[in-house]
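Given the coordinates of chain A, work out where chain B should sit on it, guided by the hints.
Number of protein chains: 2
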Amino acid sequence: MRAFRLGIRAPSLAVLAVVAQAGLALAAEDPLPSWNNGETKAAIVDFVSAVTSEGGADYVPPDDRIATFDNDGTLWSEQPMYVQLAFALDRVKEMAPAHPEWKEAEPYKSVLSGDMKALAAVGQKGLLQIIAATHGGMPSEAFTQIAADWIATAKHPVSGKPYTEMIYAPMLELIDYLKANDFKVFIVSGGGVEFMRPWTEKTYGIPPENVVGSSIKTKYDVVEGTPRIVRQMEIDFIDDGPGKPVGIQKFIGKQPIAAFGNSDGDFQMLEWTTAGAGRRLGMIVHHDDAEREVAYDRKSHFGHLDKALDAAPEKGWHLISMKDDWSRIFPD
Amino acid sequence: MRAFRLGIRAPSLAVLAVVAQAGLALAAEDPLPSWNNGETKAAIVDFVSAVTSEGGADYVPPDDRIATFDNDGTLWSEQPMYVQLAFALDRVKEMAPAHPEWKEAEPYKSVLSGDMKALAAVGQKGLLQIIAATHGGMPSEAFTQIAADWIATAKHPVSGKPYTEMIYAPMLELIDYLKANDFKVFIVSGGGVEFMRPWTEKTYGIPPENVVGSSIKTKYDVVEGTPRIVRQMEIDFIDDGPGKPVGIQKFIGKQPIAAFGNSDGDFQMLEWTTAGAGRRLGMIVHHDDAEREVAYDRKSHFGHLDKALDAAPEKGWHLISMKDDWSRIFPD
Numbered sequence: 001m002r003a004f005r006l007g008i009r010a011p012s013l014a015v016l017a018v019v020a021q022a023g024l025a026l027a028a029e030d031p032l033p034s035w036n037n038g039e040t041k042a043a044i045v046d047f048v049s050a051v052t053s054e055g056g057a058d059y060v061p062p063d064d065r066i067a068t069f070d071n072d073g074t075l076w077s078e079q080p081m082y083v084q085l086a087f088a089l090d091r092v093k094e095m096a097p098a099h100p101e102w103k104e105a106e107p108y109k110s111v112l113s114g115d116m117k118a119l120a121a122v123g124q125k126g127l128l129q130i131i132a133a134t135h136g137g138m139p140s141e142a143f144t145q146i147a148a149d150w151i152a153t154a155k156h157p158v159s160g161k162p163y164t165e166m167i168y169a170p171m172l173e174l175i176d177y178l179k180a181n182d183f184k185v186f187i188v189s190g191g192g193v194e195f196m197r198p199w200t201e202k203t204y205g206i207p208p209e210n211v212v213g214s215s216i217k218t219k220y221d222v223v224e225g226t227p228r229i230v231r232q233m234e235i236d237f238i239d240d241g242p243g244k245p246v247g248i249q250k251f252i253g254k255q256p257i258a259a260f261g262n263s264d265g266d267f268q269m270l271e272w273t274t275a276g277a278g279r280r281l282g283m284i285v286h287h288d289d290a291e292r293e294v295a296y297d298r299k300s301h302f303g304h305l306d307k308a309l310d311a312a313p314e315k316g317w318h319l320i321s322m323k324d325d326w327s328r329i330f331p332d
Numbered sequence: 001m002r003a004f005r006l007g008i009r010a011p012s013l014a015v016l017a018v019v020a021q022a023g024l025a026l027a028a029e030d031p032l033p034s035w036n037n038g039e040t041k042a043a044i045v046d047f048v049s050a051v052t053s054e055g056g057a058d059y060v061p062p063d064d065r066i067a068t069f070d071n072d073g074t075l076w077s078e079q080p081m082y083v084q085l086a087f088a089l090d091r092v093k094e095m096a097p098a099h100p101e102w103k104e105a106e107p108y109k110s111v112l113s114g115d116m117k118a119l120a121a122v123g124q125k126g127l128l129q130i131i132a133a134t135h136g137g138m139p140s141e142a143f144t145q146i147a148a149d150w151i152a153t154a155k156h157p158v159s160g161k162p163y164t165e166m167i168y169a170p171m172l173e174l175i176d177y178l179k180a181n182d183f184k185v186f187i188v189s190g191g192g193v194e195f196m197r198p199w200t201e202k203t204y205g206i207p208p209e210n211v212v213g214s215s216i217k218t219k220y221d222v223v224e225g226t227p228r229i230v231r232q233m234e235i236d237f238i239d240d241g242p243g244k245p246v247g248i249q250k251f252i253g254k255q256p257i258a259a260f261g262n263s264d265g266d267f268q269m270l271e272w273t274t275a276g277a278g279r280r281l282g283m284i285v286h287h288d289d290a291e292r293e294v295a296y297d298r299k300s301h302f303g304h305l306d307k308a309l310d311a312a313p314e315k316g317w318h319l320i321s322m323k324d325d326w327s328r329i330f331p332d
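As they're listed, the protein sequences go chains A and B.
When the letters of the first sequence are read in order and numbered with my numbering, they come out as residues 1 to 332.
When the letters of the second sequence are read in order and numbered with my numbering, they come out as residues 1 to 332.
Next comes chain A alone, as it looks inside the complex:
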């Protein structure tokens, strides 16, 4: 028996080694390891396989493989408030000594007194006023530096982690997977384009020129021989809702074949993308994981998801369940 045992033990080890290697190879080949196997992951892989299969009915040449991603709530956390709003409120506090009149004037008064309820009441007009005052009136270069410095040190109020670590690992994998399949990947966000551009390359691997967002008016000016782009104190373009397809057409000039969002602000981007001819993919990140992140949709102020949630089945948009579809939320 000993000889027999040895006889089978040797090949067994070899078989095990082969199986182990194959297992490793399989694991290395899964481009979406943080996605649980299921309908959602299969829908992504099927779509990419279909549009990249040369000679297939759904083939799309690389030049037309445009994919657009919302940012807040789609690529990173937008709770308990939009990151850029936290930035703006910090800016109000920092700028307040030079603006003594802010102590008595809304919307600044509520920011400085920390009265979030009163702040909520200032509405979109008040928020845009805060954005203009804190984001405008300086050269683009200076603003870029301020935004870069802030994002490098600011911490998420709940997790205590840098905001750039409050990003969704499965979505990073998805971006890389699409890029590996010759997609051109863009961020299309309601957030300010110059707020995002300083860190999107490092955080998501998406370069500044592939970021579409809201913008403030700017002006070219030469001061003492030094030319500058100067940010005015007036909103230029809001890249949200119907502004998203408008922004995509303006900046990219092509209808995407895949779009990813998480709120009603992404409705028109998803609608326009999936209405195009040929194979299309529209997906909504559904925040249904109260344990690992925050569960919210119809009743949330940030990332309000209602109309798009109702429309999803009829429009063929896939819901990504953070709870069921993702084996992890944040990078380790």
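There's no promise every hint is true.
One copy or two, either will do: identical chains are not told apart, so a pair holds if it fits within one copy or between any two.
No farther apart than 20 angstroms at their CA atoms in a straight line, the calculated lysine to any residue pairs in the SDA-like style are these [said to hold, decoys possible]:
| id | residue 1 | residue 2 |
| --- | --- | --- |
| 1 | Lys307 | Asp264 |
| 2 | Lys179 | Asp63 |
| 3 | Lys315 | Val222 |
| 4 | Lys219 | Ala142 |
| 5 | Lys323 | Asn36 |
| 6 | Lys315 | Ser110 |
| 7 | Lys219 | Asn181 |
| 8 | Lys202 | Asp63 |
| 9 | Lys125 | Ser327 |
| 10 | Lys307 | Ile329 |
| 11 | Lys307 | Thr226 |
| 12 | Lys109 | Val92 |
| 13 | Lys202 | Ala154 |
| 14 | Lys155 | Asp332 |
| 15 | Lys315 | Arg228 |
| 16 | Lys109 | His99 |
| 17 | Lys179 | Pro207 |
| 18 | Lys219 | Ile238 |
| 19 | Lys109 | Glu224 |
| 20 | Lys103 | Tyr296 |
| 21 | Lys307 | Glu224 |
| 22 | Lys202 | Pro61 |
| 23 | Lys155 | Ala275 |
Calculated from the structure, these hints are not laboratory results.
Same frame as chain A, now just chain B:
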């Protein structure tokens, strides 16, 4: 002597073959064969070599190698009039039957009667009116088709060639040379972005998303279930003069390290580009070849070059003499 002759003839042939091969190899290696050897060509090659030499004092990482090119007069011919103006005039004639009132109303009246002198007198306001009327009031998709169809059939009034063949071969080589050196190459033109995007990839190898230009206001609209981007009849943004650096910052989000233009409309783009820190390159295509193209600068309506011509020496901008620096103008 016969043996001697044969004796030297054999090695001579071998030497000739080696020389011929080396010559071929050299020719194949010159990335700018339509540029005559001289200061201008050397300035380009020196610049590219400096910013791509890892470890060198002037090294620029690929992500920051942004190069911008004006289009009219820099990449293709703008005489006897801007190509897009020829397009607009053709559109007026085509649309006239549906607009009987145009027969009596300027600026259309002069277009329809072919009175170019009267047309010149309508000024920028009249021209923008023509642009809005002929370029707006339809979905982007429809306009793209109209522009693509026109460019495929329209002919240059002097050469009789398609406009897309009235492009400058040396500049195509320059674009390819920069791309081969990991530059990100953009068109930044006063022309309409949606007029250019249908053909820039095929003509210059520059994809739609790398085209920055003037734009008309657009709106997202869903008609009978079909979503569309609809072009309004109002100008949104003029990407010319000080608008060029503004457009670059808005669309690309980075200061270029190299910029190429040919007129005063490129002054600020060149100024902003070459004012940046580190090694920079600014170049002006000077139309000084009356024989092979058209000679014009300070007195021309199209591609007016005056202020930038005076500023060039002080600003360190290189003039590209079409006559002396280019061995050919158009592709064969």
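To see whether the hints hold, each was checked on the structure:
1. Lys307 / Asp264: within (6 angstroms within a copy, 50 angstroms between copies)
2. Lys179 / Asp63: both (12 angstroms within a copy, 16 angstroms between copies)
3. Lys315 / Val222: Only across copies: Lys315 and Val222 sit 14 angstroms apart there, 50 angstroms inside one copy, limit 20 angstroms.
4. Lys219 / Ala142: Classified as within; 14 angstroms inside a copy, 32 angstroms across copies.
5. Lys323 / Asn36: Cα proximity of Lys323 and Asn36: one copy only (10 angstroms, versus 64 angstroms across).
6. Lys315 / Ser110: The answer is neither: 41 angstroms in one copy and 50 angstroms across copies each exceed 20 angstroms.
7. Lys219 / Asn181: Cα proximity of Lys219 and Asn181: none, with 39 angstroms in one copy and 32 angstroms across.
8. Lys202 / Asp63: Classified as between: cross-chain Cα gap 12 angstroms, same-chain 24 angstroms, threshold 20 angstroms.
9. Lys125 / Ser327: neither (40 angstroms within a copy, 60 angstroms between copies)
10. Lys307 / Ile329: neither (25 angstroms within a copy, 57 angstroms between copies)
11. Lys307 / Thr226: between (49 angstroms within a copy, 18 angstroms between copies)
12. Lys109 / Val92: within (10 angstroms within a copy, 56 angstroms between copies)
13. Lys202 / Ala154: within (16 angstroms within a copy, 46 angstroms between copies)
14. Lys155 / Asp332: within (17 angstroms within a copy, 60 angstroms between copies)
15. Lys315 / Arg228: For Lys315 and Arg228, only the inter-copy Cα distance (16 angstroms) is at most 20 angstroms; the intra-copy one is 45 angstroms.
16. Lys109 / His99: Classified as within: same-chain Cα gap 11 angstroms, cross-chain 56 angstroms, threshold 20 angstroms.
17. Lys179 / Pro207: Classified as both; 12 angstroms inside a copy, 17 angstroms across copies.
18. Lys219 / Ile238: For Lys219 and Ile238, the Cα distance is within 20 angstroms both inside one copy (18 angstroms) and across copies (12 angstroms).
19. Lys109 / Glu224: neither (37 angstroms within a copy, 47 angstroms between copies)
20. Lys103 / Tyr296: Intra 34 angstroms, inter 61 angstroms, cutoff 20 angstroms: neither.
21. Lys307 / Glu224: between (52 angstroms within a copy, 19 angstroms between copies)
22. Lys202 / Pro61: between (28 angstroms within a copy, 14 angstroms between copies)
23. Lys155 / Ala275: neither (40 angstroms within a copy, 36 angstroms between copies)
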